[in-house]
Structure formats: structure tokens, C-alpha cells
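Each protein sequence line maps, in turn, to chains A and B.
First residue of the first sequence: 0, per numbering that gives the first Met the number 0; consecutive thereafter.
First residue of the second sequence: 0, per numbering that gives the first Met the number 0; consecutive thereafter.
Copies of the same chain are indistinguishable here, so a pair counts whether it falls within one copy or spans any two.
SDA-like cross-link-like pairs, simulated, lysine to any residue; straight-line CA separation at most 25 Å:
#	residue 1	residue 2
1	K172	N124
2	K194	L45
3	K35	S190
4	K35	S192
5	K140	Q168
6	K194	G94
7	K172	M129
8	K194	S74
9	K140	D48
10	K172	G143
11	K140	T51
12	K172	S10
13	K35	H77
14	K140	D47
Derived by calculation from the structure, the hints in this document are not laboratory data.
All values derive from a computational prediction rather than experimental measurement.
2 protein chains.
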Amino acid sequence: MVSEKWVCGTSRIAGCRFSIYPLSGDFVSIIEDALKKTNTSKVWMLTDDVSTCVRGRMSQVFDVVHAIFAHAAASGEHVVFSGTFSIGCPGDSSGDVYMSEDDVRLNEPPPGVDTAAQFALYPLNAPGYMGMIADAVEAAKSLGTFSGSVHYASRLDGSANDVFRTLEQVFAKAADEVSHLVMTATLSCNSPSPKPVRKSAGEAMAR
Amino acid sequence: MVSEKWVCGTSRIAGCRFSIYPLSGDFVSIIEDALKKTNTSKVWMLTDDVSTCVRGRMSQVFDVVHAIFAHAAASGEHVVFSGTFSIGCPGDSSGDVYMSEDDVRLNEPPPGVDTAAQFALYPLNAPGYMGMIADAVEAAKSLGTFSGSVHYASRLDGSANDVFRTLEQVFAKAADEVSHLVMTATLSCNSPSPKPVRKSAGEAMAR
Chain A
0 MVSEKWVCGT
10 SRIAGCRFSI
20 YPLSGDFVSI
30 IEDALKKTNT
40 SKVWMLTDDV
50 STCVRGRMSQ
60 VFDVVHAIFA
70 HAAASGEHVV
80 FSGTFSIGCP
90 GDSSGDVYMS
100 EDDVRLNEPP
110 PGVDTAAQFA
120 LYPLNAPGYM
130 GMIADAVEAA
140 KSLGTFSGSV
150 HYASRLDGSA
160 NDVFRTLEQV
170 FAKAADEVSH
180 LVMTATLSCN
190 SPSPKPVRKS
200 AGEAMAR
Chain B
0 MVSEKWVCGT
10 SRIAGCRFSI
20 YPLSGDFVSI
30 IEDALKKTNT
40 SKVWMLTDDV
50 STCVRGRMSQ
60 VFDVVHAIFA
70 HAAASGEHVV
80 FSGTFSIGCP
90 GDSSGDVYMS
100 EDDVRLNEPP
110 PGVDTAAQFA
120 LYPLNAPGYM
130 GMIADAVEAA
140 KSLGTFSGSV
150 HYASRLDGSA
160 NDVFRTLEQV
170 FAKAADEVSH
180 LVMTATLSCN
190 SPSPKPVRKS
200 AGEAMAR
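Chain A with its partners taken away, still in its complex shape (with noise of 0.2 Å):
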């Protein structure tokens, strides 16, 4: 149970290290609108010029990310984002305090845009981790998200929001059984290439 994990400060403290890449000459104004329709006050958030981190409870992590992705994609643009989700690094423990938020959401992100995403699951120092990743197809394959595995990375369709919640579904079930876990992914929105040939239910089940 994670929940006794964040028992009197003992932290289990999550984090994504991201970007958005909005395809376009006013890539600044998206990302800055994105930000400010999202609510981040229950995330430890920074910012550089090659990317943002924002670091708390899992829920509160998956629910800004989210958020500001589909607030850049409803500019209709060709947005990309791309990032690192992690738990259980030793020795991290900087904002442990938006540990003590609750996990109700604050956003509530615009209707998810048609996605396409590619992600990959790391269980680190876990003999048991090709198993683990398994697991994690299976688990998008029954929210009917999976699509296909690719060299280095399995890939999920859907609306943004069943994208995220895969995501979220499959690093939270991970992060229950190994203690450092790492998660990329790439999401993308409006992009000018056609989406290759989405394969039948059974046809996607079977990889």
C-alpha cells in the first residue's frame, strides 16, 4: 500500500521532468498560456531553458502535466510533450512538504484532442523488470489504449485524457512493486503526419 509509505513524512515523493514542444512560430505564448490555465499550487515546480520539473504526490504530478498539455494542444498546433517520470530516486527528497497536500485534483484539463504517444518503463535494480513491463502492456491493453509495441517503446492512442490516465494507471501499479521506477514518454497532438494503421483489437492484442 502506498498510502503507508506516506506515513509521517516518510516520502514516497513522485516527479516528471518535462517539456512541451509546441510545433510553431509562437511556441513561447502557447507554453506560457498552458501554464497559466494550470493550476500547480499542490506541485514543487522549476523551470529551465531545457526543461520543467514538477515534483509531489503522484496524483498531483500526472494531474499538472496533464493539464498543461492539453491546454497547448487546444491551441490546435502541433504540440509534443515529452517526459521523465520518476520515483523512488535515492536520496530525493527536496519538496517533500507538497507531500502533505491531499490528492484531490485542481485541474480540470480541456476535452482531451486526438494523441498518439510512445512510452517506456524502467523498474531499476529489479531482476523481475522485463515481467514488469509486461504487465504494463496488458494493463493498456484492457483501458484500450495499446496499440503496438515499437523498438523501445510500447504505443497508446486515444484521447489525451486516456493517454494520461494509461500512464498514470501503469506507473502507479509499477511503483507498488519496485522502489525506484522510471517512465518516458512522448505524447503528441495535430501533427501534420498520418497516423500509421491502427490495428484491430485482436490484431493489437495478439502482439
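Since the structure of chain A is provided, determine the placement of chain B on it from the hints.
The following block gives chain B in isolation, referenced to the frame of chain A:
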């Protein structure tokens, strides 16, 4: 000795799944132009609507992604590279034919643009992984590109040439020590955001 692993088709194939993001309305032509200027004949390469995957000898993989980034950067636009390098993924063999290529590099990337990078090393199923990450930081310090640690990543600053040389060296060294290795890297150039004030060598070394 990695070379021994390559004898007789026993593959030690490396790969990189990456995307180039020119933050510009001209992103399509910048990407197409960079691809056109890069010789990719010694690697297996496949692009979908989310990312591109390159596979082959480690030297050729780094040669190709470096060249694509450098050519895109030469556009003068704010360009970002985001990618995951991988070697030793179990069951990972398609594209093995490219392992019969030699290590002679085919590209001469344009003079390196000033680049900021954040990278992270993930040795899988390796109890000593934190020590390997510390070794990578030491290697980056000795190459003069390390400029500090941030949550979940280490920062590099330098020319694109210096940054890619650092990434390749730390990846190659770690790949000699562990079977399955992953490294994420985000590189940014021509950003309108100011770089953080870089610490002196002494301060950076002390981190």
C-alpha cells in the same frame, strides 16, 4: 571487450528512438532538410508519426543522430533533440544486418552550435547502477561538459560536438559494464530562454 561480442553475428546492436523538434512553423522543411543532408546508409531507420528509430553499431547510431541534430540546428531556429538510446534490450535483434558495417563515420556534422543538454543513464537489472551513474558524471566532468545536476538528470553544456561526444563516451563505457542499458537525452540549441549562470569549473566539480 565489446568487439568480441560482435563476432559471428552475436549482436550487440545499439539504437536510438528520438525526435527533432524545431520550434518553428517551418518544422517540416527543417526536419526534411536535416534528414536529406545526413547519410544514413549504415543504419536501420524507421520513422513514424511520433518518433524515429535508428539501429546499428553504436558509433553509427551516434553519428547519425548527431548529424541530424546539427543540420537542423544550422537552421538557426530553436531546435530540440529528445531521444532514448538503448542497447541490450532482450530479444532485440531486427536490423542485425547493419552490425556488419564498419565504424567509419559517414557524416561530418556542421560546426557545433552551443547546446544545453540534460541526460540520464538507466542501467537495467544492475544493483550497482547508482555507482555507474556517478561514473558517468565523473566522465562528463573530465570532458569539460558537465555543468551540474538537476532532479532526475545531469546537465551538459558545450558545442553539439562536445555534448554528443560526452553522451557517446558515457554510454559506451556503461554498455561495457551492463547488458541492458538505456540513456535519455534532451538537447536544446538557439533557445530564447537564458541559460542558467554556469558554475565555475571548481564549483561544478564539487557537485
